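Protein chains: 2
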Amino acid sequence: MASPTLIELAQKTRQGARQLAGLTTEEKNQAIEAIAQSLEQATPEIVAANQADCEAATAAGIAKPLYHRLKLDETKLKTNIAGVRDVQKLPDPVGRVQIHRELDEGLVLKRISCPLGVLGVIFEARPEAAIQISTLAIKSGNGVILKGGKEALQSCEAIVKAIRQGLSQTAVSPDVVQLLTSREETVALLKLDPYVDLIIPRGSNSFVRFVQENTNIPVLGHADGVCHLYLDESAEREKAIAITVDAKTQYPAACNAIETLLVHRSCAPQILPPVAQALQEKGVKLLGDEASVELLGIPAATEADWSTEYSDLILAIKQVDSLEEALNHINTYGSKHTDAIVTENPQAAQLFLNQVDAAGVYHNCSTRFADGFRYGFGAEVGISTQQMPPRGPVGLEGLITYKYQVTGNGHISATYSGANAKPFTHRDMG
Amino acid sequence: MASPTLIELAQKTRQGARQLAGLTTEEKNQAIEAIAQSLEQATPEIVAANQADCEAATAAGIAKPLYHRLKLDETKLKTNIAGVRDVQKLPDPVGRVQIHRELDEGLVLKRISCPLGVLGVIFEARPEAAIQISTLAIKSGNGVILKGGKEALQSCEAIVKAIRQGLSQTAVSPDVVQLLTSREETVALLKLDPYVDLIIPRGSNSFVRFVQENTNIPVLGHADGVCHLYLDESAEREKAIAITVDAKTQYPAACNAIETLLVHRSCAPQILPPVAQALQEKGVKLLGDEASVELLGIPAATEADWSTEYSDLILAIKQVDSLEEALNHINTYGSKHTDAIVTENPQAAQLFLNQVDAAGVYHNCSTRFADGFRYGFGAEVGISTQQMPPRGPVGLEGLITYKYQVTGNGHISATYSGANAKPFTHRDMG
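Read top to bottom, the protein sequences are chains A and B.
Just so you know, we're using my numbering here: the first sequence kicks off at 1 and counts up by one.
Just so you know, we're using my numbering here: the second sequence kicks off at 1 and counts up by one.
FYI, nobody ran anything at the bench for these hints, they're computed from the structure.
Note that this is a predicted model, so its numbers are computed, not measured.
Careful, some of the hints might be misleading.
[As the list claims (entries may be wrong)] With a straight-line cut-off of 25 Å between C-alpha atoms, the simulated PhoX-like cross-links for lysine-lysine are:
(1) A:Lys-422 with B:Lys-76
(2) B:Lys-64 with B:Lys-150
(3) A:Lys-285 with A:Lys-239
(4) A:Lys-89 with B:Lys-76
(5) A:Lys-76 with B:Lys-191
(6) A:Lys-422 with B:Lys-191
(7) A:Lys-285 with A:Lys-64
(8) B:Lys-12 with B:Lys-239
(9) A:Lys-71 with A:Lys-150
(10) A:Lys-422 with B:Lys-285
(11) A:Lys-110 with B:Lys-89
(12) B:Lys-161 with A:Lys-89
(13) A:Lys-78 with B:Lys-422
(14) A:Lys-12 with A:Lys-191
(15) A:Lys-239 with A:Lys-12
(16) B:Lys-282 with A:Lys-239
(17) B:Lys-239 with B:Lys-191
(18) B:Lys-282 with A:Lys-191
(19) B:Lys-89 with B:Lys-150
(20) B:Lys-64 with B:Lys-282
(21) B:Lys-12 with B:Lys-191
(22) B:Lys-71 with B:Lys-12
(23) A:Lys-161 with A:Lys-71
(24) A:Lys-76 with A:Lys-64
(25) B:Lys-282 with B:Lys-239
(26) A:Lys-110 with A:Lys-12
(27) A:Lys-12 with A:Lys-78
(28) B:Lys-78 with A:Lys-110
(29) A:Lys-422 with A:Lys-89
(30) B:Lys-78 with B:Lys-150
(31) B:Lys-150 with B:Lys-161
(32) B:Lys-12 with B:Lys-110
(33) B:Lys-422 with A:Lys-239
(34) A:Lys-150 with A:Lys-64
(35) A:Lys-422 with B:Lys-282
(36) B:Lys-64 with B:Lys-285
(37) A:Lys-64 with A:Lys-78
(38) B:Lys-89 with A:Lys-422
(39) A:Lys-282 with B:Lys-110
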């Protein structure tokens, strides 16, 4: 499926990445500084290329929110270049000794963190994604094949040209950052199993789902973010109001905003009307189950609402008879992203944190904290809702794997087998 | 694709597993002890069921190695019951605090290890796999849906009956261990994405490949084990002989046995003849590239040999001009399982350990050490050759994921956004 040219490009990236994997933290940071300087020098070209992209998009009748994402003026570029320099300060995730164990005298096992290899990153409009992800890839020792949205083509070309120019004067080969430009190449990239180790899609839910369904390469990301807030029987009124309003309205398009509010039936008459009023004052459209429709005089929610991510000022409300019903609802309709409980009852909180199967389980705080920067990771590569690690907000750690190194002095397994088997010492060396 | 009965069974397993996830180490160990006692009591039934399986298999003309795997006599069962009790001693992988960080005063982030959920384990002949994996699943807080080979049907039924009987007197629901019996159910199990979190296939390479290609559920395992040994220019003769013989002949059917021997051209005339002689004395059939055919008078290897896992006393030999050529060969034909170098040159060793992209990279020791027990993990769930963790030999850790818990006291994200944003403290709490 992939053209010979694309395979060759992928092989070059792989080769560059192998060499990058062996560089020191200092060499990688020098390369990142060179990128920052090169982007500074190329600012006029990048801004002009973006101007051209924006004009073409305007002529094609691009939607306003998309236009804002596409737009990359000098100020925004400056912020992004500052972001590049910030990555220098992040600790190097490569070369950490995770296990160090003597298996027997002179036979030593080490588990050491190392780069994944080559990343395939497919993003929609925002051209600055090319800057962020290239820098994080280099810091973590990985090569990266980028594919931007077609609206951002000229911007991405100018950015990647500057990045590669910067790298050309460093220990890092410019081959580690590549740009694909056609849609055919995107599809082909998803089939490049032997050359690409991780796909990171950045875009709409349907786009991420398309990627997940069309590749055998591991995908870091999430399609849906159907997050819940549950107001328990003993929820404190003021906390319930503040957290609900924040979780729904602080940034409704975010994946960690809530879509469904569950309320214990016994406290609904007291707590739900003021919560609803506060939401409505913020312009939130409410939908409800039968009891909530009756209580609040709002339109009815349908079955489909319980699994819908509105990404907008809309919230579905449901009353439940028990914490167990809330848990069942969340574990049935949730997307394993982030779910929260408001309660003053520590047993209820503990049960919720234990039994909700999600990357993030929160007590008495807003779901909006689910974010790599807020968690203190220094960077966010994506948020994963899969079951296996890495899960939740993923920092540089998500671009890293490990290998087992065993060094001996002629040690063979026969020594440790059979009737006179020598025992292993299995002594941790700290 | 899955029948309503199968979905119902999977849901029951999930429900049992949710409850299991919240139990203490002591409760899980009591359940494991109950399994051991129940298997002891049911020994006559299990041995009789296995006898019946063996007779049916013999009548059907089963191959001898397969028969040996199928056979489960009282002695073998006793060993397995002792293995069950050993699992009690393993540290509980659940509930470990991996990150503990104050985000701000009163707002605390914890990353805590937790069970994956439900495992789907498909194994071929060996019925005792049902015992081992059920015990490890319970220790790690997971439910498990088992599917054994059809030859082992009666044995598996007797074993699972005993396990469930044992569990019925404990805090762990018998529903957490389920047995499927038909081949149709195997295929359906692979499609149970919402109910099964990890598939563990145990069987031949082609069987594992079939599983990998027919499911979207993560698979823990490996299809191929094409391991290499490279004798570098400065390899010491005695180490080279001992390690080559051990890595090829100590257990040739193992996935960590070598299939290809690479030798630096400059030392081949000195080192290869004695190595070849030692191998031939152990009955190893050698195949060679042109230079090795000439040197040793052995049959020629074809291109296909470089990617073949013989799982038998056959070894392909190739001479290379440099360490770089050896690295390229391994990174091209290898299966990322385990590869080793024999050398007295520390720089060469370091380059090899850095640049070979495999779960195991070894220096001056046999590839046969690639094993969870030998690494000191106490148990081995499988060996993974994928790029992302868990990689290499995987112990109980492979059945575990984590979740982020955030607890606050009414904290909302608006406080930390905008012009007067409060900074996070991001203080690690050790």
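Now for the hints, and whether the structure bears them out:
1. A:Lys-422 with B:Lys-76: 23 Å, holds
2. B:Lys-64 with B:Lys-150: 16 Å, holds
3. A:Lys-285 with A:Lys-239: 21 Å, holds
4. A:Lys-89 with B:Lys-76: 57 Å, violated
5. A:Lys-76 with B:Lys-191: The hint is violated at about 46 Å.
6. A:Lys-422 with B:Lys-191: Given that 25 Å is the threshold and the Cα spacing comes to 45 Å, the pair is violated.
7. A:Lys-285 with A:Lys-64: 22 Å, holds
8. B:Lys-12 with B:Lys-239: 55 Å, violated
9. A:Lys-71 with A:Lys-150: 14 Å, holds
10. A:Lys-422 with B:Lys-285: Measuring from Cα to Cα gives roughly 30 Å; hence the hint is violated.
11. A:Lys-110 with B:Lys-89: Given that 25 Å is the threshold and the Cα spacing comes to 24 Å, the pair holds.
12. B:Lys-161 with A:Lys-89: Status violated; Cα separation ~57 Å.
13. A:Lys-78 with B:Lys-422: 24 Å, holds
14. A:Lys-12 with A:Lys-191: 17 Å, holds
15. A:Lys-239 with A:Lys-12: 55 Å, violated
16. B:Lys-282 with A:Lys-239: Given pair Lys-282 (chain B), Lys-239 (chain A) is violated - Cα atoms ~75 Å apart, limit 25 Å.
17. B:Lys-239 with B:Lys-191: 48 Å, violated
18. B:Lys-282 with A:Lys-191: Since the Cα atoms of Lys-282 (chain B) and Lys-191 (chain A) sit roughly 43 Å apart, the hinted pair is violated (cutoff 25 Å).
19. B:Lys-89 with B:Lys-150: Violated, at about 33 Å.
20. B:Lys-64 with B:Lys-282: It holds: about 22 Å lies between the C-alpha atoms, which stays within 25 Å.
21. B:Lys-12 with B:Lys-191: 17 Å, holds
22. B:Lys-71 with B:Lys-12: Roughly 31 Å between the alpha carbons, so the hint for Lys-71 (chain B) and Lys-12 (chain B) is violated.
23. A:Lys-161 with A:Lys-71: 19 Å, holds
24. A:Lys-76 with A:Lys-64: With Cα atoms ~17 Å apart, Lys-76 (chain A) and Lys-64 (chain A) stay inside 25 Å; holds.
25. B:Lys-282 with B:Lys-239: 17 Å, holds
26. A:Lys-110 with A:Lys-12: Roughly 30 Å separates the two Cα atoms, so the pair is violated.
27. A:Lys-12 with A:Lys-78: 31 Å, violated
28. B:Lys-78 with A:Lys-110: Given that 25 Å is the threshold and the Cα spacing comes to 34 Å, the pair is violated.
29. A:Lys-422 with A:Lys-89: Violated - the C-alpha atoms of Lys-89 (chain A) and Lys-422 (chain A) are around 47 Å apart, more than 25 Å.
30. B:Lys-78 with B:Lys-150: Judged against 25 Å, a Cα distance of about 23 Å means the pair holds.
31. B:Lys-150 with B:Lys-161: 17 Å, holds
32. B:Lys-12 with B:Lys-110: Violated, at roughly 30 Å.
33. B:Lys-422 with A:Lys-239: Between Lys-422 (chain B) and Lys-239 (chain A) the Cα gap is close to 19 Å, so the pair holds against 25 Å.
34. A:Lys-150 with A:Lys-64: Holds - the C-alpha atoms of Lys-64 (chain A) and Lys-150 (chain A) are around 16 Å apart, at most 25 Å.
35. A:Lys-422 with B:Lys-282: At roughly 23 Å apart (the allowed maximum being 25 Å), Lys-282 (chain B) and Lys-422 (chain A) satisfy the hint.
36. B:Lys-64 with B:Lys-285: 22 Å, holds
37. A:Lys-64 with A:Lys-78: Holds: Lys-64 (chain A) and Lys-78 (chain A) sit about 23 Å apart, inside 25 Å.
38. B:Lys-89 with A:Lys-422: Between Lys-89 (chain B) and Lys-422 (chain A) the Cα gap is close to 22 Å, so the pair holds against 25 Å.
39. A:Lys-282 with B:Lys-110: The hint is violated at about 32 Å.
Going down the numbered hints, you'll see the structure goes against 4, 5, 6, 8, 10, 12, 15, 16, 17, 18, 19, 22, 26, 27, 28, 29, 32, 39, while the others check out.
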